[in-house]
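Colleague: One-letter residues, chain by chain:
There are 2 protein chains.
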Amino acid sequence: MRQYVSEAVIRRLPAYYRHLCALEAEGVLQISSGDLGERMRQTPSQIRQDINCFGGFGRQGYGYNVTELKNEIRRILGLDEEHAMIIIGAGSIGSAVAHYPSFVREGFRTLALFDIDPAKIGTTVNGIPVLSMDSLPDWLKTNRADIAVLAVPADRAEDVCGRLEACGIGAVWNFAPVDLEGKGGGAAIVNVHMSDSLHILSYKMRHR
Amino acid sequence: MRQYVSEAVIRRLPAYYRHLCALEAEGVLQISSGDLGERMRQTPSQIRQDINCFGGFGRQGYGYNVTELKNEIRRILGLDEEHAMIIIGAGSIGSAVAHYPSFVREGFRTLALFDIDPAKIGTTVNGIPVLSMDSLPDWLKTNRADIAVLAVPADRAEDVCGRLEACGIGAVWNFAPVDLEGKGGGAAIVNVHMSDSLHILSYKMRHR
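Sequences listed follow chains X and G, in order. In case it helps, this note's numbering puts the first sequence at residues 5 to 212. In case it helps, this note's numbering puts the second sequence at residues 5 to 212.
With the rest of the complex left out, here is chain X (with noise of 0.2 Å):
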């Protein structure tokens, strides 16, 4: 029985499923919370109450048991089924987007970018075509899109998560500089500030 999963939980989710998928490929069966903690610098207490969040999977002197909590989470993740993409705006991050090999691993499939630059409409990146932003309603109407990446100038970026809101795109990941979360019109969003981690490193430095 699912429990009210709390924003900061949701956000350590995917460090979990990081270290459960790499303790896999590493041959472990098992793991104890303490083990667990240390690789993921978390307390023990904190790895249990975050997992009991998701039902009980531990066993008293025993841990966890690797894939079956890998696959729990990969499920309450959604990453158990495909997502189709779409990237808008095929400059420098969207193509990096385009590129990026594990996303299609992960079941991430980017069906088409899309620019309002004439000379990108008509290219392919990564193989992946290029069309225009006009063509995208129609586009929409003949094919399905589970994800749209913005990758567009900040001061373009709320009026387009509008427009793809209005085509019916449930989900926008969005990697222009602006918060985007709460504004929309009903799509989850998630905001990407490359800069924060850069932030982050900026202070490691300094207090090293």
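Since the hints were made in silico from the structure, they are not lab data. Since we're looking at a predicted model, the values are computed, not measured. Do not take every clue at face value.
What the hints assert, rightly or not - Think about it this way: if two alpha-carbon atoms lie no more than 27 Å apart in a straight line, the pair counts; the simulated DSS-like pairs of lysine-lysine are:
(1) 208/X with 74/G
(2) 124/X with 145/X
(3) 145/G with 208/X
(4) 208/G with 145/X
(5) 74/X with 208/G
(6) 145/G with 124/G
(7) 124/G with 124/X
Start from chain X and add chain G according to the hints.
Modeller: Okay, now just chain G, sitting in the frame of chain X:
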């Protein structure tokens, strides 16, 4: 007087900085922990607790001075000085970082990219020269680089990271999908897990 700052607080610092910059740009002079918490989706007590780590900034019944707090967090993050960057790997991710406009505005200046591909060496990316990876040790004898952006394939990341540290690079911003933290020879390392926020988006789609 600075107290011990936990990893969790450090991870939240960039978001504080972003929201305080936005508030300042909106002309807001002061803000209560309640209003800041609402904006940042944190409880007021979490906000007060975090900010107390850096010394007392709030005043009872007044809240925080936006510019004062922003400047203090900017200083804590080390954003009050320029950082020279080099990018290892002139592929799609390296190019995206070289094009990202806000890094320059925030004082992170990319001096050069380095690659092993003869077809790329000698070209420029966003006006920045692409040099031979072999020339890096010599280049570093006459140029200062604070941060190396690691944008190489996963199976090359650990080796390249070791070579960077041997050259005296003090900070590595790792885009390769491997966890380099703790493996380094002393450099500050932050791993960017591009998939993590995509997985959170997948979670939000499923649990809307």
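Colleague: Hints first: check each against the structure and report whether it holds.
Modeller: Hints versus structure:
1. 208/X with 74/G: Holds, at roughly 18 Å.
2. 124/X with 145/X: holds, 23 Å
3. 145/G with 208/X: Distance of about 24 Å is within 27 Å: holds.
4. 208/G with 145/X: holds, 24 Å
5. 74/X with 208/G: holds, 18 Å
6. 145/G with 124/G: With a Cα-Cα distance of about 23 Å, the restraint between residue 145/G and residue 124/G holds, given a limit of 27 Å.
7. 124/G with 124/X: holds, 21 Å
The structure is consistent with each of the numbered hints, conforming to all of them.
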